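6 protein chains.
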Amino acid sequence: MPIIQINLVEGRDDKVVSECVREVARTVSRTLDAPLASVRVMVNVIKPQFFAVGDVTKAESAAQKDKS
Amino acid sequence: MPIIQINLVEGRDDKVVSECVREVARTVSRTLDAPLASVRVMVNVIKPQFFAVGDVTKAESAAQKDKS
Amino acid sequence: MPIIQINLVEGRDDKVVSECVREVARTVSRTLDAPLASVRVMVNVIKPQFFAVGDVTKAESAAQKDKS
Amino acid sequence: MPIIQINLVEGRDDKVVSECVREVARTVSRTLDAPLASVRVMVNVIKPQFFAVGDVTKAESAAQKDKS
Amino acid sequence: MPIIQINLVEGRDDKVVSECVREVARTVSRTLDAPLASVRVMVNVIKPQFFAVGDVTKAESAAQKDKS
Amino acid sequence: MPIIQINLVEGRDDKVVSECVREVARTVSRTLDAPLASVRVMVNVIKPQFFAVGDVTKAESAAQKDKS
Numbered sequence: 001m002p003i004i005q006i007n008l009v010e011g012r013d014d015k016v017v018s019e020c021v022r023e024v025a026r027t028v029s030r031t032l033d034a035p036l037a038s039v040r041v042m043v044n045v046i047k048p049q050f051f052a053v054g055d056v057t058k059a060e061s062a063a064q065k066d067k068s
Numbered sequence: 001m002p003i004i005q006i007n008l009v010e011g012r013d014d015k016v017v018s019e020c021v022r023e024v025a026r027t028v029s030r031t032l033d034a035p036l037a038s039v040r041v042m043v044n045v046i047k048p049q050f051f052a053v054g055d056v057t058k059a060e061s062a063a064q065k066d067k068s
Numbered sequence: 001m002p003i004i005q006i007n008l009v010e011g012r013d014d015k016v017v018s019e020c021v022r023e024v025a026r027t028v029s030r031t032l033d034a035p036l037a038s039v040r041v042m043v044n045v046i047k048p049q050f051f052a053v054g055d056v057t058k059a060e061s062a063a064q065k066d067k068s
Numbered sequence: 001m002p003i004i005q006i007n008l009v010e011g012r013d014d015k016v017v018s019e020c021v022r023e024v025a026r027t028v029s030r031t032l033d034a035p036l037a038s039v040r041v042m043v044n045v046i047k048p049q050f051f052a053v054g055d056v057t058k059a060e061s062a063a064q065k066d067k068s
Numbered sequence: 001m002p003i004i005q006i007n008l009v010e011g012r013d014d015k016v017v018s019e020c021v022r023e024v025a026r027t028v029s030r031t032l033d034a035p036l037a038s039v040r041v042m043v044n045v046i047k048p049q050f051f052a053v054g055d056v057t058k059a060e061s062a063a064q065k066d067k068s
Numbered sequence: 001m002p003i004i005q006i007n008l009v010e011g012r013d014d015k016v017v018s019e020c021v022r023e024v025a026r027t028v029s030r031t032l033d034a035p036l037a038s039v040r041v042m043v044n045v046i047k048p049q050f051f052a053v054g055d056v057t058k059a060e061s062a063a064q065k066d067k068s
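Chains as they are written, first to last, in the UniProt record's numbering: chain A, 1 to 68; chain B, 1 to 68; chain C, 1 to 68; chain D, 1 to 68; chain E, 1 to 68; chain F, 1 to 68.
Hints are computed from structural coordinates only; laboratory data are not their basis. Just so it is clear, the structure is predicted and the values come from calculations on it, not from any experiment. Any given hint could be a false lead.
Copies of the same chain look alike in the list, so a pair counts if it works inside one copy or between any two.
Said to hold, decoys possible - Think about it this way: if two alpha-carbon atoms lie no more than 25 Å apart in a straight line, the pair counts; the simulated DSS-like pairs of lysine-lysine are:
1) Lys67 - Lys15
2) Lys58 - Lys47
3) Lys15 - Lys58
So here's chain A without its partners, still in its complex pose (with noise of 0.2 Å):
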């Protein structure tokens, strides 16, 4: 019955994300022995503006990043 929640910063293409999301569902069954179709994964996408690291938020650090 293993509930996966993934927060993402938005930005990644959708297929680079859904492999993510069948790749952890598969993971998370070998390694916790449950069945695959038991497994739930879902991602949770966060605006940049909206998600910071320490007192950063990722659309301060790619504005950065850019000016750099």
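Using the hints provided, position chains B, C, D, E and F relative to the given structure of chain A.
Here is chains B, C, D, E and F on its own, set in the frame of chain A:
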């Protein structure tokens, strides 16, 4: 003080989801004997390609259904 | 596929909480027209000193009630 | 390593929310004596019709306010 | 910056769960091309009487299995 | 109506965590101009062997620190 988070795959009519939110609040208040005004219910909507049962995303299972 | 997380302050009888879990599952299934077996409900129990309404924790408000 | 999730009803200016994210990171770092760079803060924005206080959604209470 | 929350029913050996945590971190890093050190994985353990599939808690389904 | 979830590794003194909860509530109220009484803050405590930075759990990094 119960706080409820409902995670749903995108696609249902807003009115249906709002009714679910109201009914869940009443159910929680009744069964836990918690004042209705103290209950919080919130819904998190997830894109079908970002929600998987096992290693099959909802987008894929919907596409397979359309083909069959 | 609805997945519901209920956050509760510690202190209620397990049987009462289990009944709430079952009733919420039925309510969600009914209102969203989702198969009952597809619904997942889980409860997260929180210590009273780690749950605050405004800047008053549940442990503090309980202690104030005892004094009054 | 504190990881903070802030759930908000849609409607506030992005700049205001980003400032809240930064300030919460600083507050958590200060009060828990955790290195600022180790703190993660993320915001989850919820549609007003999908957030209820008791059995009244934010969309409904906003509509009632407009009428009064 | 991916942050992953794994919700599990109580009962597995800590070592098995820790291995799942490590493997999920590697899978997410690989599939999202995110630096491994930027990934956070955390596990939330739930009592069997507080986790339901449909309207049957894990405690009940375990008890029914014991009887059969 | 902001609802804040703080995820922390086990090990800090309850009083320190409660103070963090109160201060975060005040910070959110101030920066979002939300009534303090409308803010909810809750803490989720995670066992060190169930929290990983990259593929190293907090229990492992603590053990490595003790050895060095």
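So, going through the hints one by one against the coordinates:
In the homo-oligomer, the alpha carbons of Lys67 and Lys15 lie at most 25 Å apart only across protomers (20 Å), although the nearest pairing inside one protomer, at 29 Å, exceeds that limit. Taking identical chains as interchangeable, the C-alpha atoms of Lys58 and Lys47 lie at most 25 Å apart whether they share a chain (8 Å) or sit on different chains (22 Å). Taking identical chains as interchangeable, the C-alpha atoms of Lys15 and Lys58 lie at most 25 Å apart whether they share a chain (22 Å) or sit on different chains (13 Å).
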